[in-house]
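Trainee: So the chains spell out like this:
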Amino acid sequence: MTMTVKQLEEKANDVRQDIIKMLEEAGSGHSAGPLDLAEIVTTLYFDIMKVDPKNPEWDERDYFFLSNGHTVPVQYAVMAERGYFDKKELMTLRKLGSRLQGHPERTKLPGLENTSGPLGSGLSQAAGVAYTLQHIDKQKHRFVYVVTGDGELDEGNIWEAMMFAGKYKLGQLIVFVDRNNIQIDGNTEDVMPLEDLAAKWKSFGWHVQEIDGHNVASIQDAASMARAIENKPSVIISHTIPGKGVDFMEYDYHWHGVPPNDEQAKKALHELRTLRGKISHEGEGI
Amino acid sequence: MSDFQLNPHYAADDVKQEPIRAGFGRGLVKAGEKDERVVALCADLTDSTQMSHFAEAFPGRFVEMGIAEQNLVTVASGMARAGKIPFTSSYAAFSPGRNWEQIRTTITLNQQPVKIVGSHAGVSVGPDGATHQMLEDIAIMRVLPNMVVVAPGDGIEAEKATQALAENDKPSYLRLAREKTPIFSTEHSPFEVGKAYVLRQGDDVTLMGTGTMTYQLLMLARLLEEKGVSAEVVHVPTIKPLDETTILESVRKTGRVVTAEEAQIAGGFGGTIAELLSEKAPMPILRLGMQDRFGESGAPNELFRHFNLTSDTMLPGVLEFIKKVPQYKPGF
Chain A
1 MTMTVKQLEE KANDVRQDII KMLEEAGSGH SAGPLDLAEI VTTLYFDIMK
51 VDPKNPEWDE RDYFFLSNGH TVPVQYAVMA ERGYFDKKEL MTLRKLGSRL
101 QGHPERTKLP GLENTSGPLG SGLSQAAGVA YTLQHIDKQK HRFVYVVTGD
151 GELDEGNIWE AMMFAGKYKL GQLIVFVDRN NIQIDGNTED VMPLEDLAAK
201 WKSFGWHVQE IDGHNVASIQ DAASMARAIE NKPSVIISHT IPGKGVDFME
251 YDYHWHGVPP NDEQAKKALH ELRTLRGKIS HEGEGI
Chain B
1 MSDFQLNPHY AADDVKQEPI RAGFGRGLVK AGEKDERVVA LCADLTDSTQ
51 MSHFAEAFPG RFVEMGIAEQ NLVTVASGMA RAGKIPFTSS YAAFSPGRNW
101 EQIRTTITLN QQPVKIVGSH AGVSVGPDGA THQMLEDIAI MRVLPNMVVV
151 APGDGIEAEK ATQALAENDK PSYLRLAREK TPIFSTEHSP FEVGKAYVLR
201 QGDDVTLMGT GTMTYQLLML ARLLEEKGVS AEVVHVPTIK PLDETTILES
251 VRKTGRVVTA EEAQIAGGFG GTIAELLSEK APMPILRLGM QDRFGESGAP
301 NELFRHFNLT SDTMLPGVLE FIKKVPQYKP GF
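These protein sequences, in sequence, are chains A and B. Residue numbering for the first sequence follows my numbering, starting at 1 and increasing by one per position. Residue numbering for the second sequence follows my numbering, starting at 1 and increasing by one per position.
It is possible that some hints are incorrect.
Said to hold, decoys possible - Far from chain A by the CB rule (all over 10 angstroms, computed), these chain B residues: (1) 17; (2) 26; (3) 57; (4) 61; (5) 83; (6) 129; (7) 144; (8) 167; (9) 170; (10) 223; (11) 226; (12) 246; (13) 282; (14) 292; (15) 294; (16) 322.
To be verified - Computed beta-carbon distance windows for the label pairs: (17) A/89 x B/52: 46 to 52 angstroms; (18) A/52 x B/34: 49 to 55 angstroms; (19) A/276 x B/111: 41 to 47 angstroms; (20) B/44 x A/89: 42 to 48 angstroms.
Keep in mind the hints are simulated off the structure, nothing from the lab. By construction, the Cβ of each residue, glycine as well, lies at the ideal position given by its N, Cα and C atoms.
Work out the full structure: start from the sequences and follow the hints.
Mentor: As structure tokens, this is what we get:
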């Protein structure tokens, strides 16, 4: 699928609106992380990864592992936009009988590669696939993409996986860290400091890049560079703004784990549709 | 009569013995020969868990994970997603002892056919002491939906169980003991995941064992015979799914039940049987095993005696139970 940077940016904006509608309808869930991941996950599914929405188990596909499962609304929204399932189904998020569980369950929804929610385990699962592709099945043309949170990096399981991937030089493993600086109890550097984060990954044998996680061209470039680095796993520390796109949510860690109410959702959608009043949209006026 | 062929020399003083884990080592190599999807991952205990035989036979399919049990099972989950049949090994105290949540989320809820092999389970680890004597593994694994739990009775059965689990396409836990254990089965004895086996017929009591304890119950039945008690012995290598048919048929005949395990009776094998009986055939039950306490250092045979896990140390309690408790004949 070939899309311009502008088209990808617009798609990410559509995804943000989907997220707001889903969370409002669900009445529970996480707002900040899904919103700030819109560009990364959109660019992965629409531009970077080889996937076939009509054949999710395609044996030539790239893999996507969401390690911080609570941000799954962004993945559901992108998958629906990409054609894995009908967008109407997004409104079933977190409801009884839905395939869109509050935290992703692989066995419920075709296209999910893992079941996640408890933090710190997605990177290892992705590393298991990357190890298999590289060292056993010798399928060097396939890549394994991962999104982790930054608060998630508190987990010991992550550092075990970092050592493992470094030891086995998993060059097909590409990780985006959503560096939005927040977690439930506050800012990451107050709760459990992560810095110097780049130096930590580097010292574990990883190729490290740092980008603006809202810049589509940067995301594309960093992924290209990561694919070109064959003898090391790659991490792309992606600086993002939690709650990105909705003024009253941005930078505020209180929005980590709550959904917007009706009024807040209306306001958020208006902001997203009008790019904060910069353009008119659907008769909303400026 | 049971079609289970007992080793004719099982009761001899010089019965052949070998560690149950040795059978796992052989079985894994055979499973690897049969199916190239079988891969093996170990957390720095490759010789000790007997995974070394597989590592030598198939170096390209063996992964050294270092001392990182959380990563051990989650990487295995990923390898299963990529189409492999991963076996992970460590001491049971560490896997599944340390990494239970990862097993729950990424293997059982995620329904990946990872085989978790917990070696050195039970008090027979001996001198290493309580930290290394895993006694709660049966309880924490059998409570997981989708999980199969198998505790083979001897090395020959462990070899068969390993091969069977490689083919069952399900998350599975294989419980192994470190010490040499008498061989009571033969190459020709049946083994099927989910089956229990009547090893000896009797009328007065059903002695039901899993893992290393089945041999002790076979010997206990001989001691009971000398006291005029006719004991039936049922071997239950698969704790989940439980072979309710075989078990209920036996207990409805004998009306008394004794269970034995090298694990906590609470939530363990004894707990499993108590749950079944209370719902389907309420009757008296005596559960032998670890009685809500940890183990301690000592020689394995000393510890078995100390915790009443040998046939002769079991005998007084079982005799008292049989004497005290009337034989129950369920009306259903």
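Trainee: Run through the hints listed earlier and report the numbers of any the structure violates, in increasing order.
Mentor: Result: hints 4, 5 and 18 break, sorted rising.
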